[in-house]
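Spelled out from the first residue to the last, the chains are:
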Amino acid sequence: MKLHTISLNNLRRRKAKMAFLTIGLMVGIATIVTLITLTRSMSSDIERKMDEFGANILVTPQSNGLAMNYGGISLGGVTFDQREIRETDLAKITTITNHKNISAISPKVLGGITINSHDVLLVGVNFASELKMKQWWKVFGNEPKGEHDLLLGTDAAKVLNVAPGDRLTIRGETFTVAGVLDQTGSQDDALVFASFKKAQKLLGKEGKITLAEVAALCSGCPIGDMVTQIAEKLPDAKVSAIQQVVEGRLKALDQFKRFSYAMAGVVVFIGSLIVFVTMMGSVNERTTEIGVFRAIGFRKSHIMRIILLEAALVSLLAGFLGYAVGMGGAKLALPFMAEAKNAKLLWDSWVAGGSISLALVLGLAASLYPALHASKMDPTEALRAL
Amino acid sequence: MALIEIENLTKHYTSGGETVAALAGVNITADAGEFITIMGQSGSGKSTLLSVLGGMNHPTSGEVAMAGIKLYDLPGEKLADFRASHLGFVFQSFHLIPYLTALENVMLPLAIVKMATPAKRTAARTALERVGLGKKLDRLPNQLSGGEQERVAIARAIVNNPHILLADEPTGNLDSRTSDEVMALFRELNDSGQTVIMVTHNPDNGRYADRTIHLRDGKVVDA
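If you're matching them up, the sequences are chains A and B in order.
Just so you know, we're using the numbering used here here: the first sequence kicks off at 57 and counts up by one.
Just so you know, we're using the numbering used here here: the second sequence kicks off at 2 and counts up by one.
What the hints contain is simulated information worked out from the structure, not anything from laboratory work.
Accuracy of the hints is not assured; some may be wrong.
Unchecked claim - DMTMM-like mimics (lysine to aspartate or glutamate), calculated; alpha carbons at most 25 Å apart, straight line: (1) A:K253 / A:E203; (2) A:K356 / B:D74; (3) A:K400 / A:D310; (4) A:K71 / B:D139; (5) B:K220 / A:D145; (6) A:K190 / A:D211; (7) B:K71 / A:D434; (8) A:K356 / B:D139; (9) A:K432 / B:D82; (10) A:K253 / A:E229; (11) A:K58 / B:D139; (12) A:K432 / B:D74; (13) A:K294 / A:D281; (14) A:K400 / A:D101; (15) A:K254 / A:E199; (16) B:K71 / A:E437; (17) A:K257 / A:E229; (18) A:K432 / B:E78; (19) B:K220 / B:D32; (20) A:K201 / A:D245; (21) A:K188 / A:D245; (22) B:K79 / B:D32; (23) B:K115 / B:E64; (24) A:K313 / A:D292; (25) A:K58 / A:E341; (26) B:K79 / A:E437; (27) A:K58 / B:E130; (28) B:K79 / A:D434; (29) B:K79 / B:E64; (30) A:K188 / A:D101; (31) A:K188 / A:E199; (32) B:K137 / B:E78; (33) A:K257 / A:D145; (34) A:K188 / A:D211; (35) A:K58 / B:E78; (36) A:K356 / B:E130; (37) A:K58 / B:E6; (38) A:K148 / A:D101.
Just so you know, these numbers come straight off a predicted model, no measurement behind them.
Could you put the whole structure together from the sequences, leaning on the hints where they help?
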């Protein structure tokens, strides 16, 4: 017979009450685990996309114009007097101090061109990386693969009166309209996309680029420093970080995080309250029993140990169950919350350890007053027979 | 030197602005091995006297000494330690722990003692055998009769070999035949050297004791 025998036997005797207490705390822990895991998984998913697909630095020629623009390039009607960046200058970007943070450099060449008597803006891109970056593009027809394949924006296709599979002649060369984009609501709707090398040739800009999009491979990497370093290598270029999209997404996620933590805090508080009320009830029900313990020589500290041990055992169970239920909830909810269906659920031992520890701390904290109350019971009052 | 020395003991209670003297200048001595019954009407102060003797009720004034130790000079939790090592209690309503078996109830005072669990089991088994319940170790209290529960309570009180056994109306809830059996058990324990101080309102129980102290209105009327 030890003090823990008394605690264990009491828990066995009061199964329903202890189950209620466990569930109350478990719900709080599960809520926290679900919300933390969801927000971290969603953040990780967005950061992964930013690393893989997102250009977050834009390199453009220095310009004073403010006419039609693509990524900050001023066009001034069908002609523009921008200086282009030399294609060979792009190699200098890979020599910056933080070159290891660069995952992709995607050059583009732009120029006005006449097709079937219509003036259009021709954009030369690397189709493979462009399609990878612009996940929101929906292509009717086929994705362009060859040098003579074109991809048209929906408005450009209407103006030129072409559909996927049709042919267009540009400066004596025949091209195939491989696909037409679904309406994006952006400048892309009015553009004609061709392969980068072919566009350079058509526009007479071999060896030159109009702008470059640079993807930095990291979350939280020194974008500001990288912008400065690239600007030093390309003094004739304007280098800027594409803050808006990134910050917009992160801001939304940040708001969700704060709301989640506030909700989790409320639920945890309620769980702790359930523990407190249940333990106080349990102590008051055991007045006579505690009186017997004190009468036969149990110290106040012995009484406290009995009560707190019961709370600790229940809290540990609630922590384990809460973590399991929380991760299950996150797994179910993530496909609906994340942008991609294949977003990965993050399993983190720190979250596991943290949630179990939190349950233990909360359970003990909520039981401290009931334990103190029990230890201070007057044995003669408690027993009433003496 | 007497085992128990009570000198000029007074205990006042205040209730609704009124002060009531539960004990008023009580003087009692008891030697080791004595069996003493304390009798009196309801409200005479006998239960208060027992609770003061048991180290659970600080007197308003006076001295209580047991085995040469002034009980209420002991600091803080030392009084609890004294109860654990020197005293055994038998309560009127048995007060067995309902979710512990007879053996576990008897082992309860040993839960705070540094002793190997097998030794605790042996001590508890011996105490239960001594009170005639050697074959009912695994029964829960609600599976025992009133007399058997009282015996378990007595076994719990003697398992740690206390100097003094304090009993508060141990036959209060029992029929006359069972009462006689329980009183015979107390007599048996006393014959083997146990000091017993018993509060009772039943005059028949006095014949088992060496002497009886009568209380009236908080005072000893004869000793």
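Now the hints, each set against the structure:
1. A:K253 / A:E203: This hinted pair holds, its Cα atoms lying about 8 Å apart.
2. A:K356 / B:D74: Distance ~18 Å between K356 of chain A and D74 of chain B Cα, so the pair holds.
3. A:K400 / A:D310: With a Cα-Cα distance of about 19 Å, the restraint between K400 of chain A and D310 of chain A holds, given a limit of 25 Å.
4. A:K71 / B:D139: holds, 21 Å
5. B:K220 / A:D145: violated, 111 Å
6. A:K190 / A:D211: holds, 18 Å
7. B:K71 / A:D434: holds, 21 Å
8. A:K356 / B:D139: Status violated; Cα separation ~29 Å.
9. A:K432 / B:D82: Cα-Cα ~16 Å, so holds.
10. A:K253 / A:E229: Judged against 25 Å, a Cα distance of about 14 Å means the pair holds.
11. A:K58 / B:D139: Since the Cα atoms of K58 of chain A and D139 of chain B sit roughly 17 Å apart, the hinted pair holds (cutoff 25 Å).
12. A:K432 / B:D74: holds, 20 Å
13. A:K294 / A:D281: holds, 14 Å
14. A:K400 / A:D101: Holds: K400 of chain A and D101 of chain A sit about 7 Å apart, inside 25 Å.
15. A:K254 / A:E199: holds, 17 Å
16. B:K71 / A:E437: Holds, because 23 Å separates the two Cα atoms, which is no more than 25 Å.
17. A:K257 / A:E229: Roughly 11 Å between the alpha carbons, so the hint for K257 of chain A and E229 of chain A holds.
18. A:K432 / B:E78: holds, 12 Å
19. B:K220 / B:D32: holds, 21 Å
20. A:K201 / A:D245: Judged against 25 Å, a Cα distance of about 20 Å means the pair holds.
21. A:K188 / A:D245: holds, 18 Å
22. B:K79 / B:D32: holds, 24 Å
23. B:K115 / B:E64: violated, 31 Å
24. A:K313 / A:D292: violated, 41 Å
25. A:K58 / A:E341: This hinted pair holds, its Cα atoms lying about 22 Å apart.
26. B:K79 / A:E437: Given pair K79 of chain B, E437 of chain A holds - Cα atoms ~20 Å apart, limit 25 Å.
27. A:K58 / B:E130: Given pair K58 of chain A, E130 of chain B holds - Cα atoms ~22 Å apart, limit 25 Å.
28. B:K79 / A:D434: Given pair K79 of chain B, D434 of chain A holds - Cα atoms ~16 Å apart, limit 25 Å.
29. B:K79 / B:E64: holds, 17 Å
30. A:K188 / A:D101: holds, 16 Å
31. A:K188 / A:E199: holds, 11 Å
32. B:K137 / B:E78: With Cα atoms ~34 Å apart, K137 of chain B and E78 of chain B exceed 25 Å; violated.
33. A:K257 / A:D145: holds, 18 Å
34. A:K188 / A:D211: holds, 22 Å
35. A:K58 / B:E78: Judged against 25 Å, a Cα distance of about 19 Å means the pair holds.
36. A:K356 / B:E130: violated, 32 Å
37. A:K58 / B:E6: violated, 34 Å
38. A:K148 / A:D101: violated, 31 Å
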